[in-house]
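Put chain B on the given structure of chain A with help from the hints.
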Amino acid sequence: MGVIKILFKRLVTTLFSIFLSITIVFIVPRLVPGNPIETMLQQLYVEGQAFQLEQMVKEYEEAFGLRGSLLEQYFKFIVQTLKGDLGFSIFLFPTAVIELILRYLPWTIGLLLTAFILSWVIGTLIGLLAGWRESSRLMQITASFLVFIRGLPFYILALLLQFFFAYSLRLFPSSGAYSVGITVSLSLNFILDVMKHSFLPALCLVLGSVTGWFLGMRAMVINIKNEDFVKFAEAKGLRRSTVVWSYVFRNALLPQVTGLSLSLASVVGGAILTETIFAYPGIGTLINLSIRRLDYPVIQGCVLVMILSVCIANFVMDIIYPLLDPRIRYGEG
Amino acid sequence: MSVLRKLSFNAINIKAGRFLSNKWLCTGLTFFVVIIMISVIGVILFPSDYMRIGRFPLERPPSKENILGTDSMGRDVFFSLLMATEKSLLVGLIVAAVGTFLGAIIGFTSGYIGGIFDSITGVIIDFFISVPSLLFLILISALIKVMDIRQVALIIAIFSWAGAARGVRAQTLSLKERDFINVSKISGMNSMEIIAFDIMPYMAQWLSAHFINSFLGGILAESGLAILGLSAMNEMTLGMMLYWSITYNALMRGLWWWWGSIIAMLTLVFTSLYMMHIGLDKAIRKM
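Chains as they are written, first to last, in my numbering: chain A, 1 to 333; chain B, 1001 to 1287.
Calculated directly from the structure, the hints in this document are not laboratory data.
Some hints could be false.
What the hints assert, rightly or not - Below 20 Å or equal to it, Euclidean Cα-Cα: the simulated DMTMM-like pairs (lysine to aspartate or glutamate) are:
no. : chain 1 : residue 1 : chain 2 : residue 2
1   : B       : 1176      : B       : 1148
2   : B       : 1064      : B       : 1049
3   : A       : 9         : B       : 1193
4   : A       : 9         : B       : 1049
Stated by the list, open to error - Cβ pair distances, simulated, as ranges:
no. : chain 1 : residue 1 : chain 2 : residue 2 : range
5   : B       : 1264      : A       : 122       : 45 to 55 Å
6   : B       : 1040      : A       : 122       : 20 to 30 Å
7   : B       : 1197      : A       : 76        : 50 to 60 Å
8   : B       : 1119      : A       : 293       : 35 to 45 Å
9   : B       : 1118      : A       : 78        : 44 to 54 Å
10  : B       : 1112      : A       : 122       : 41 to 51 Å
11  : A       : 222       : B       : 1170      : 17 to 27 Å
12  : B       : 1117      : A       : 196       : 52 to 62 Å
13  : B       : 1183      : A       : 8         : 35 to 45 Å
14  : A       : 170       : B       : 1058      : 34 to 44 Å
15  : B       : 1190      : A       : 229       : 43 to 53 Å
16  : A       : 176       : B       : 1256      : 17 to 27 Å
17  : A       : 79        : B       : 1040      : 52 to 62 Å
All C-beta atoms, glycine included, are put in the ideal place defined by N, C-alpha and C.
For reference, chain A alone in the conformation it holds in the complex (with noise of 0.2 Å):
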């Protein structure tokens, strides 16, 4: 009983936030005075890339939906959305904004996910090492060397990482996802291709994101080693390994997942500016690209998407924690 209504409240929640997200997306460009599509057409005007100005505003404003009263747009913005329909990209015209976001998605997900489950299990494993070995020399060189790499921000370890090993080291590529020429299939060429490529962004990744969760590890696992429970299981004589797993690393894992949802923003935010400085043909660099094209429609798609898309992954993450927790699962919680 107790899981399917808190499953029920998140999916409210989660439900809520999309008609959120939906909502500021359409007001934002609404908010700002004079007629986007205008301003954005004229800019293009001014450098000589777009041609008939008030005959294109027209023709605009009828492909975006801007026609009509507020509310009737809302109305028709809120039914494209969920069926998919994000308008038009202006700079590359007859192609749908879906289209080209279909196309760069996969590889930021690939990119994303590979990233944020490495350096939970890395950062979640190394810090019950650093907790459980708590005065060991090198757990403690590690954790000051990782508090260090906290304060920094994504970009700047991106930038280190292509200095070092695309520049100096010349190891890995320094931008895009594989080589030119390469064909695009499932061969283990491309795959180990593909590989190479998405190292240093993902390297980049791991390394901002897994001190939280080393550093959250490491202050449970110090918690709960002189809890009461942790001490009787060691005096019972029960085996090392049996303490630290279902002991120790049990109790600590909580706190690590329902982490999960609260850092996902930060990795979201670190991807976009890694993905733009490694020329990584993810979302960050569509959106990038469409900054310098000018292209709103394109920016606001990529926008919508991915705030989608973090609503639907915290709505996953949500779901999973309940069936670790067994205070919520056999419902004493």
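Coordinates of chain B only, in the frame set by chain A:
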């Protein structure tokens, strides 16, 4: 009443001593003050002519005339760095002040009123915390070509209230139930007095740690926007310097004095702020 106030001031003095004995806080603060002083004094001492495009030969490595060399537009890197640091710190200050203030008001009202209003605000706060604010900032800055760095800072501040709001809301909810608030109410203190003497002392410590965090977040957000080319293009902040060095591909062309000094300065600013944050956090937990 006056005796009580005197007592609370004594308590503050003792706390100040505890803050000063905190290594993290002191180191961070020292670095931070040095950064501020160098950038402010440097900006006054140097002729502003050093920032003019084409003032010096392009891409000159460090020399006697230009301590940190010049960039691809013939500007002195060291002087640009001082200017940019000052501007970036201004952004951080505006974001931290406005964001924390907004957040404190929203969080406090929400926690104090309670009921359905509070639950709705709670969901909205959670939404803004769980979604990267960089996305909203991109959405706005891509439309408005902002020219003034203070406007950029204000836009960032509008989207950085959620953290403060959540903390203040949680504390208000817990403080509301404490006995000493009820005692103050019965003894005839009005709400303003209760907020000023009963609630603020608790909030102030937490808010100060949050202020530093938000200061850091503001500089981070502005530099992130700048890297995407969405900050005030004609002003010099640390982020804009990074933008130009990336645009001119300084890293791959071996102009180490240019991109290296920007990264070093950013690292120094972020590390000192982060140390202050850790220090304040530790000092609060000890109490």
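So which of the earlier hints does this model not fit? 1, 3, 4, 5, 6, 9 and 14
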